[in-house]
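Engineer: Numbering (my numbering), first residue to last: 41 to 511.
Hints are supplied without guarantee of correctness; some may be wrong.
Simulated restraints on C-beta separations [said to hold, decoys possible]:
| id | residue 1 | residue 2 | range |
| --- | --- | --- | --- |
| 1 | 255 | 55 | 46 to 56 Å |
| 2 | 65 | 144 | 27 to 37 Å |
| 3 | 266 | 182 | 23 to 33 Å |
| 4 | 369 | 437 | 25 to 35 Å |
| 5 | 303 | 205 | 30 to 40 Å |
For the record, the hints were derived by calculation from the structure and aren't laboratory data. Where is the CB? At the ideal position from N, CA and C, for every residue including glycine.
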Amino acid sequence: MGALRYFAKLGEVVPSVPRPTRRPDLKYRLIFTLAAVAVYYAMASTVVYPLTAGAGPQLPMLMQVVFAATTGTLAQLGIGPIVTAGLIIQVLVGGKLIELDLSKPEDRKLFTQAEKGLALIIAAVEAAGFALAYRLNPYVTASVALQFFTGALILLILDETIQKGYGIGSGVSLFILAGVARTIVWDLLAPVTVTITTPEGSTVSQYYGVIPYIVSSSIGGGLDLGRLIYGYVPGYLVGGEAAMLPSLTGAVATLLLLFVVIYLQGMKINIPVTVQRAPGIRGRVPLNFLYVSNIPVLLFGIIVSDVLLIRNMVEAYLPQHRWLAESLNSALLYLTPPRGLLGVYYDPVRALVYAAVLMGAAVLLGLMWVEVGGLSPAQQAENLVRSGISVPGMRSNPKALEAVLARYVYPLAILSSLIVASLAVVADVFLVFGGGIGLLLASGIIQQLYTALTYEQALEMYPTLRKFIGE
């Protein structure tokens, strides 16, 4: 608890706005939400001084998507510190390593402030780690690190302001969705040309976006099926990864995967229950088929980003231990997917290892999240009994209800983790726009935002509902 209070004390340093005394209307909250997205886009497009666009070590696609990060910009860290800090505190509290009763206002405040404080520490460490990777002189490195840290601080403030009721949803989800949407639109419509030098010394210029490429090639001729289907430029193919560009296959796969994910998210497993106060009334408690949602792949993305950060710091601080940096590079190779069908063809071992690691990690992380995220059978049974709900033919006993729920919860957690990981692997193989994990995260966020907007619209249309729900 002492460490938590230290983090909370540090979190008080972060500027914050008070909660609105009266809930702002929906129009105002929509405008504020869009303004926050605009600020994020501006940050993701602002290269920090004195770096240049595209210079230095590039962030893996996985990290760019999961953390809404952009290499070399004010959004270099993205929401990484916020997400990582939140998950660490959640695991500590959910695992009972720190005793907090989140039903008490003072404990909830301590929880929130501790998240902010830990996020500041993580942001400082990550900013230093990424700045060191550019190998600049100490003063310039400190300047770059400060700019990275400032960007993370701005996103932290925006996230808190949105969650306090000035916007809709959460800033973390909003920025992830904005990053994935930007990638999808760019891959589909980018009118810029890319010039690539082949090993033979010749150059190849093509439109980056799929639609501009198809239109220009149809008009001027020279439509290349290899680029269209596999996403590679003829004459420049190294291990199946070099010069990979958006393809028509990726566009079609993006639509198909989006439909599949939306369908799976709508599936429910219904458990028959009775209401104690009205024994004759029976109902159903729905459990989501994707029980742990996209949390396992999100946690996997955090692990990969941490390995990358450690690699950067080892290369900067311990150049004499080159073997350690090379070991981490080898680990990163198998923790990130090969690019496209040709990447799988040229390096099948990497593809198989990545798929096995992602699926195995997803199952373990999914089961862990069930226990620490309030999704365990015991926690669910306690909540249902407190609400006056029981299973037909059984006494209103949390242990009996827990045994029934356990038959559903753990199989669903394992199955949903495997399904989400499998979808991510398939999406990466077919070069889905935004990446497999990114599209999974985005689809879940879209559903959450739709639910939140529907809820807010209902309150706008029927103000008397506020009295019934205590707002």
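Engineer: Compare the structure with each hint and give your call.
Structural biologist: Against the structure, the hints come out as follows:
no.: 1; hint: 255 x 55: 46 to 56 Å; result: holds, 48 Å
no.: 2; hint: 65 x 144: 27 to 37 Å; result: holds, 31 Å
no.: 3; hint: 266 x 182: 23 to 33 Å; result: violated, 46 Å
no.: 4; hint: 369 x 437: 25 to 35 Å; result: violated, 54 Å
no.: 5; hint: 303 x 205: 30 to 40 Å; result: holds, 33 Å
Of the numbered hints given earlier, the model fails hints 3, 4; all others are met.
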